[in-house]
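The sequence shown begins at 1 in the working numbering and counts up one residue at a time.
The reader is advised that the hints may include incorrect statements.
Stated by the list, open to error - For lysine-lysine, the following BS3-like pairs were computed, each having C-alpha atoms within a straight-line distance of at most 27 Å:
(1) Lys303 - Lys371
(2) Lys107 - Lys67
(3) Lys559 - Lys547
(4) Lys195 - Lys124
Claimed, not checked - Pairwise CB distance ranges, derived in the manner of DEER restraints:
(5) Ile166 - Ser766: 44 to 50 Å
(6) Leu715 - Phe567: 37 to 43 Å
(7) Lys415 - Lys332: 24 to 30 Å
(8) Lys54 - Asp169: 31 to 37 Å
(9) Ala514 - Leu715: 33 to 39 Å
Treat the hints as calculated values from the structure; they're not laboratory data. Glycine included, C-beta positions come from ideal geometry on N, C-alpha and C.
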Amino acid sequence: MIFESKWRYLFPGYTCIQMISFFRKCCAFKFFFWIILKSNFVYAQKTQDQAAHKLLVERSALWDKAKIASKDLELAQHYIDKAGESKEDILLAQKYCSEALKTSREKNLLLQTIRGYTIQAQIKREKGDQKSGNQFADLAVSQASKITDPATLASVYFEKSSYYEISNDADLKTKIKFYELACNHLKKCNPNTLKLADALKYLGDLYGLNRGKDAAALACLFESLAIYKANHYKQLHDIYDLIGYDLARMERRREGLKYTLMAVRTAEELRDSSMTVCTIYNRLSYAYNNLNQDAKATAAMEKAVMYARHNRQNSMADLLTSNLAVTYIHLKQYDRALELTQKALAAGPEDPKIRLLFKIDQVRIYTAMGKLKSASLAYRNAQQLSSAAVHSVIIQELMCEAGIKLFMSLKNYKKVDSLINNYRGINAKTGNFMAMAHAEQYAYQSDSLQQRFKEAFFHHQAYTRLNDSLVNRNHDKETAALQLQFETEKKDRDIALKAKDIQMLTKQADLKNADLRNQTLIRNLSMLAVAMLLGLSVMIYSRYRLKRRAISELEAQKKEINAQNEFLRQLVTEREWLVKEVHHRVKNNLQIVVSLLNSQSGFTDNVLAKELIRESKNRINSISIIHQRLYQTEDMIGVDMAQYIRELVEITSCSFGVEGIINFTLELIPLTLDVSQAVPVGLILNEALTNAVKYATLPDRQPSIRIVLSKNENLVNLTVADNGNGLPEHIDLKKPNSLGLILMSGLSKQLGGCLLYQNKKGLELSLEFKRSKLLGEPLIKMPERKKEVFA
1 MIFESKWRYL FPGYTCIQMI SFFRKCCAFK FFFWIILKSN FVYAQKTQDQ AAHKLLVERS
61 ALWDKAKIAS KDLELAQHYI DKAGESKEDI LLAQKYCSEA LKTSREKNLL LQTIRGYTIQ
121 AQIKREKGDQ KSGNQFADLA VSQASKITDP ATLASVYFEK SSYYEISNDA DLKTKIKFYE
181 LACNHLKKCN PNTLKLADAL KYLGDLYGLN RGKDAAALAC LFESLAIYKA NHYKQLHDIY
241 DLIGYDLARM ERRREGLKYT LMAVRTAEEL RDSSMTVCTI YNRLSYAYNN LNQDAKATAA
301 MEKAVMYARH NRQNSMADLL TSNLAVTYIH LKQYDRALEL TQKALAAGPE DPKIRLLFKI
361 DQVRIYTAMG KLKSASLAYR NAQQLSSAAV HSVIIQELMC EAGIKLFMSL KNYKKVDSLI
421 NNYRGINAKT GNFMAMAHAE QYAYQSDSLQ QRFKEAFFHH QAYTRLNDSL VNRNHDKETA
481 ALQLQFETEK KDRDIALKAK DIQMLTKQAD LKNADLRNQT LIRNLSMLAV AMLLGLSVMI
541 YSRYRLKRRA ISELEAQKKE INAQNEFLRQ LVTEREWLVK EVHHRVKNNL QIVVSLLNSQ
601 SGFTDNVLAK ELIRESKNRI NSISIIHQRL YQTEDMIGVD MAQYIRELVE ITSCSFGVEG
661 IINFTLELIP LTLDVSQAVP VGLILNEALT NAVKYATLPD RQPSIRIVLS KNENLVNLTV
721 ADNGNGLPEH IDLKKPNSLG LILMSGLSKQ LGGCLLYQNK KGLELSLEFK RSKLLGEPLI
781 KMPERKKEVF A
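Could you put together the complete structure from these sequences and hints?
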């Protein structure tokens, strides 16, 4: 009895014997459906990590231990290179790499052993164990000469190069050596790929850090840029920036400025706000400074400081603030520069080098302002900070220059001559040709002030000779640049032709693979169709026999159900008339309120009061239309939002008298909402239209308002956009001070939705909420929205 009652509960109208008979006849399909469920389960697992699953499947089909070791290394590399890797990924990488190394050593597989050492080094480095990682990298490098596989050699040298610092000159040279080897091997195995372009870009950056390698850096960067363009890569702002900076250092200033501006334009198009943009604006300021365009240099440096603060890189922001103070000095805005350095020092930068730079800036500012006492005090403070630690050559140069100008103003020529000698000594180490010319210029000025005209004439000649030599060097560099550009363009054409050939071969391979996949798919679908037809035939026959037995019972039940349906139909009809009467009376009452507001508006001359009354009337009308739509429809399931929005737009247009002035563009889909959602949506739309009509009208453009009603599955989106000035910056949306904004915020919370404001060539308001299911209505996909334009 228990068994019988359970089956009757699950399948009403069928006996236990009938169900047992049915399942006996369908048992042939159990295996078929089990196969389908099993395949779906496997597919779900594959979608979680398709690449790892594919490698595991391939590994399970192998018997040769050498091939298994190679596949284990591929799995280890997959997990260590996985984006957003976790501790579990690193453990899996360690597991597969250890198994591969064990097999490789047992079988004397040299290539797999070297690859295993390289991946093991990468795993140790990822864990933060630099020492162990370097030891494994050394093991790989020591045996690299015994193999010829370019991909393995490239990975070995890339890994080894990562253990050398760029701050140390000896380490930098070694790092460049290994990176050059890696790039040469990468060109053999992965030519004209984004991976090679990234590697060449980084190599060019390393060359730029090494003095005397500017030409090699530029050649690498141009080659990388050509590969990026051949692969249609869009994010080129960082390589444009590196090229521009290298050109500026080579005294090719205008050409460098061109590439730096290209970097700025590309970053703005991509809406990048990372520290890369900060670096670009810093170098743009450097380029403008070299061209003596101080105002533009200042504007670029201000943006660099802004992006550094935005990314919370306070140390970099402090350093750039010091550079910004220097640009203010060049513009002779001494008060502004002094205020900037005082605020920065008051904030207390942690790095003593930054504090020293600000003190040096203050020495230059006070000297330029003629406040020599304050300048002397700042110079003593800078000396105290400078003696506390060893500083870079650039800071030493800045310190000497600031001291020379200060003591020259104080007429302490003995100190000036001492500082000039120090300045020459620093320049001799750096080989800075322009700084050598400045040293001779300072010596000429000092001798002239001391009336040592013979020495002054000698230093002036030296300054002129150095300056002319600098001009000649620039000319030689420009000639070399033209040659480099010609060779680069030729290489670009060769790369483009090779890329086209590779692309054509890739397309042919893709077509063959697609053809094979189609044939396999057709065969599988044919087998599935035959199985489904067989199953369908059996099920139809079974259902036919069951239906014959149930016909007699159904006929008796049909008469009873028809009688009950007729009774329910009468009840529903009565309910609908009552509800329509309620909506009709609510609509009439709301119209009475509107009439009272109209009457009240006639008794006042206050413009603000009339505006408030008109807004209140529009809000009431937005509710009244809903009730009017409800009692005028037949089914009364909900409110047709497309028709409702059209009526609300017409009423708002008439209320403000903007017919023919504002173009209304409506993109609406057929959508029905429950009255509990239609009322707050109507009020929000009314407020948005009112604000758009009031504030989006500008004298220099044709005003337009765009309303979009769309739906994605069960989410409804309402967008109202205008082409006005947008939302003022002083308005705090978290604490709105106007009734309209408060209403819209409260109504969106009532809907459980999200309300967004965006300035996009005007104000765009977007409301998104979950649609409530109407009575007796399944949620289905809505058709595409229809676009209408009203003037």
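Are there hints from earlier that the structure breaks, and if so, what are their numbers? Result: hints 1 and 8 break, sorted rising.
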